[in-house]
Amino acid sequence: MANILVIAEHDGGQLKLATLAAVSFARQVAADTGGTFDILVIGETVGAVAESLRPYGAANVLLADHAQLQHPVADRYARVIEAVAQSRGYGIVVGAASTFTKDILPRAAALLDAGMLSDVVGAHQEAGELIFKRVMYAGNVIATVTLAGDLKFLTIRPAAFAPAVAGSETSPVVPIPLATDQLSSFAEYGGREAKVAGRPDSTEARVVVSGGRAIKNAEDFERLIGGLADALGGAVGSSRALVDSGITPNSLQIGQTGKIVAPDLYLAVGISGAIQHLAGIKDSKVIVAINKDADAPIFEVADYGLVADVYTAVPELTAKLKP
Amino acid sequence: MKILVPIKRVPDPDTKIRLQPDGAGVASDGVKFSLNPFDAIALEEALRLEEKLGEMDLVVVSVGGEETIETLRVGLAMGAKRALLIKTSADLDSLAVAKILAAVYQREQPDFVLMGKQAIDDDSNQVGQMLAALLGIGQATFVSKLELVEQHTQARCARETDAGLETLTVKLPAIITADLRLNEPRYVSLPGIMKAKKKPLEELELAALGVTAVSRTKILKYETPPQRQAGVRVKTVDELVDKLKNEAKAI
Ligand SMILES: Cc1cc2nc3c(=O)[nH]c(=O)nc-3n(C[C@H](O)[C@H](O)[C@H](O)COP(=O)(O)OP(=O)(O)OC[C@H]3O[C@@H](n4cnc5c(N)ncnc54)[C@H](O)[C@@H]3O)c2cc1C
Ligand SMILES: Cc1cc2nc3c(=O)[nH]c(=O)nc-3n(C[C@H](O)[C@H](O)[C@H](O)COP(=O)(O)OP(=O)(O)OC[C@H]3O[C@@H](n4cnc5c(N)ncnc54)[C@H](O)[C@@H]3O)c2cc1C
Chain A
63 MANILVIAEH
73 DGGQLKLATL
83 AAVSFARQVA
93 ADTGGTFDIL
103 VIGETVGAVA
113 ESLRPYGAAN
123 VLLADHAQLQ
133 HPVADRYARV
143 IEAVAQSRGY
153 GIVVGAASTF
163 TKDILPRAAA
173 LLDAGMLSDV
183 VGAHQEAGEL
193 IFKRVMYAGN
203 VIATVTLAGD
213 LKFLTIRPAA
223 FAPAVAGSET
233 SPVVPIPLAT
243 DQLSSFAEYG
253 GREAKVAGRP
263 DSTEARVVVS
273 GGRAIKNAED
283 FERLIGGLAD
293 ALGGAVGSSR
303 ALVDSGITPN
313 SLQIGQTGKI
323 VAPDLYLAVG
333 ISGAIQHLAG
343 IKDSKVIVAI
353 NKDADAPIFE
363 VADYGLVADV
373 YTAVPELTAK
383 LKP
Chain B
2 MKILVPIKRV
12 PDPDTKIRLQ
22 PDGAGVASDG
32 VKFSLNPFDA
42 IALEEALRLE
52 EKLGEMDLVV
62 VSVGGEETIE
72 TLRVGLAMGA
82 KRALLIKTSA
92 DLDSLAVAKI
102 LAAVYQREQP
112 DFVLMGKQAI
122 DDDSNQVGQM
132 LAALLGIGQA
142 TFVSKLELVE
152 QHTQARCARE
162 TDAGLETLTV
172 KLPAIITADL
182 RLNEPRYVSL
192 PGIMKAKKKP
202 LEELELAALG
212 VTAVSRTKIL
222 KYETPPQRQA
232 GVRVKTVDEL
242 VDKLKNEAKA
252 I
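Going down the list, the protein sequences come from chains A and B.
Residue numbers for the first sequence follow the working numbering, so the first one is 63 and each next one is one higher.
Residue numbers for the second sequence follow the working numbering, so the first one is 2 and each next one is one higher.
Chain A on its own, in the form it takes in the complex (with noise of 0.2 Å):
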């Protein structure tokens, strides 16, 4: 039996979607092995975040809500994550793979002295015993692995676990009490770079453009990728080519380093297709590939390969796509 706990995550008391992925690997878990699953939202005032996760199976939504919980610092939200844990006595803790998952689970995995998988893509159980597959090396292997202890913290790939459909059932909510003079407070928050509204994060999207070397400057990106995605819809997206130029920023960077996407259209505009950009976009239902170099490995990847200079294949196509 697996009692998990799931880390809620959200931005600024909207809820991340991929938060739902990892609700329904906790049910699928739980399910075989006979256990329940609690969700754990932690910030100040995200009542609604909680109040949000109620119709999802879980035996409780615990709520850690406290003004020192503003921003999600790693020292202190781990520790709070420590003292659920150890108070409730799970077997596994997990969430979706994000750079928030990735900055506090595994600083609270050692804090409990627990090892933890990240960019886990399936679980199953034999002869008792969880058997887990994560992927490695760019998105090249597959490793079929165990992790012994009594308790475990995995972050899950969100584009391998089907989203949580809400049911009839609501969970209760549970205020955690805090002792807040034991959170710790190596770091201070500084604040946000204002993030440009507008589209859809690419995580989420389901329609994702994508540029790469080929776009030369930043208003040809907005242009022709942005043009491209606004009239599908979508997010945009970069290879770290454009990064690395200036760009476009490191948030949009999809790959092995970057996001790992999985939207029902990916396009790749002008993107060799190197394997740690391949890494981000192979769990895509459609990938298409626009490139004026017909051996380009991207189309080895591609479903609908256009050779074709990205300057004029770009605007016709958006011309032809807008509503």
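There may be inaccurate statements among the hints.
To be verified - Using 16 Å as the maximum straight-line C-alpha spacing, the simulated EDC-like pairs for lysine to aspartate or glutamate come out as follows:
1. B:Lys-88 <-> B:Glu-204
2. B:Lys-250 <-> A:Asp-326
3. A:Lys-344 <-> A:Glu-362
4. B:Lys-146 <-> A:Glu-362
5. B:Lys-222 <-> A:Glu-188
6. A:Lys-347 <-> B:Glu-248
7. B:Lys-246 <-> A:Asp-326
8. B:Lys-236 <-> A:Glu-378
9. A:Lys-382 <-> B:Glu-204
10. B:Lys-82 <-> B:Glu-204
Stated by the list, open to error - Reference listing, derived: stretches of chain A covered by chain B, where coverage requires no fewer than 3 residues with Cβ under 8 Å from a Cβ of chain B:
11. 83 to 90
12. 133 to 139
13. 155 to 166
14. 178 to 186
15. 203 to 213
16. 233 to 240
17. 365 to 373
Said to hold, decoys possible - Sample of chain B residues at the chain A side, in silico, Cβ under 7 Å:
18. Glu-161
19. Arg-182
20. Ile-220
21. Leu-221
Simulated from the structure, these hints should not be mistaken for laboratory data.
Even glycine gets a Cβ: it sits at the ideal position worked out from N, Cα and C.
Mind docking chain B with the ligands on chain A? Use the hints.
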């Protein structure tokens, strides 16, 4: 000032990863190994701090087998003062590596630790955060800008998060993990390699450190994920739109 830079030997990012025929592991014959790219970035940042602040004790440390010496020499050639190899032939998971590095930290007492955010073989992205927890000190992960402030008692960091750039000021000592935009690592020069041969490289048996580090992770099997099949080529934008609408029903 003293900075500790943990570095890992990993297959070169351009190497094609193949599995052993029985799936028991990753084939290593003919594979080129290099310094984990994120660790090169971390070391580069330490070297730049030294250029700015004056001479420092820059120590690179790696946990691994005899072959890891090659990687440590690259660190020395880049400019580290000395190298430390914690010798073990065991396959260690992130928590085990973090425990060993914690013992190294206690021995070396650096002002802070600069390391990669992720090793590109296992892609775990855990060791830095675990090390910070074990030592009971602060952390700043995915750092793309680093500045020492308040008489070098704090580090003001820009962090690359999914939601955009964040600023975090962390008390030192702390663990700082490097993201790719932090800097562009220097090339190792030939004179650098020659000089590196004379720099101190200390080897220490794991047992001598007094840590028992046992992996809880056990890899039962390695597989290659199903490959995507190449699809079709379309000749025109019109044909692409038609396929997306009527065949893939993706738009
Ligand atoms: C440790 C490590 C981690 C990395 N992590 C990532 C990662 O997470 N994500 C990532 O993307 N990369 C990553 N990389 C970098 C990766 O190896 C590639 O360098 C990068 O993906 C290349 O980007 P690109 O395809 O845009 O550029 P290029 O490889 O330069 O390709 C540009 C393509 O555009 C085509 N082109 C040029 N002009 C036109 C035009 N006018 N019309 C049509 N086509 C045109 C060219 O034919 C070419 O195929 C990583 C590398 C390392 C070493
Ligand atoms: C072929 C192969 C087989 C393996 N088999 C197993 C196995 O069967 N069981 C098992 O438990 N483990 C195995 N491992 C090792 C293990 O998975 C990782 O080395 C360990 O979990 C560390 O995690 P990471 O490298 O992903 O670290 P990350 O958390 O991704 O690395 C972050 C940073 O930590 C530092 N770091 C990481 N490792 C070291 C190190 N050794 N020395 C110095 N600094 C370091 C670096 O600065 C790095 O940038 C295997 C490794 C390989 C290459």
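#### Entry: Structure-inconsistent hints, enumerated in ascending order
Hints 4, 9, 11, 16 contradicted; others consistent.
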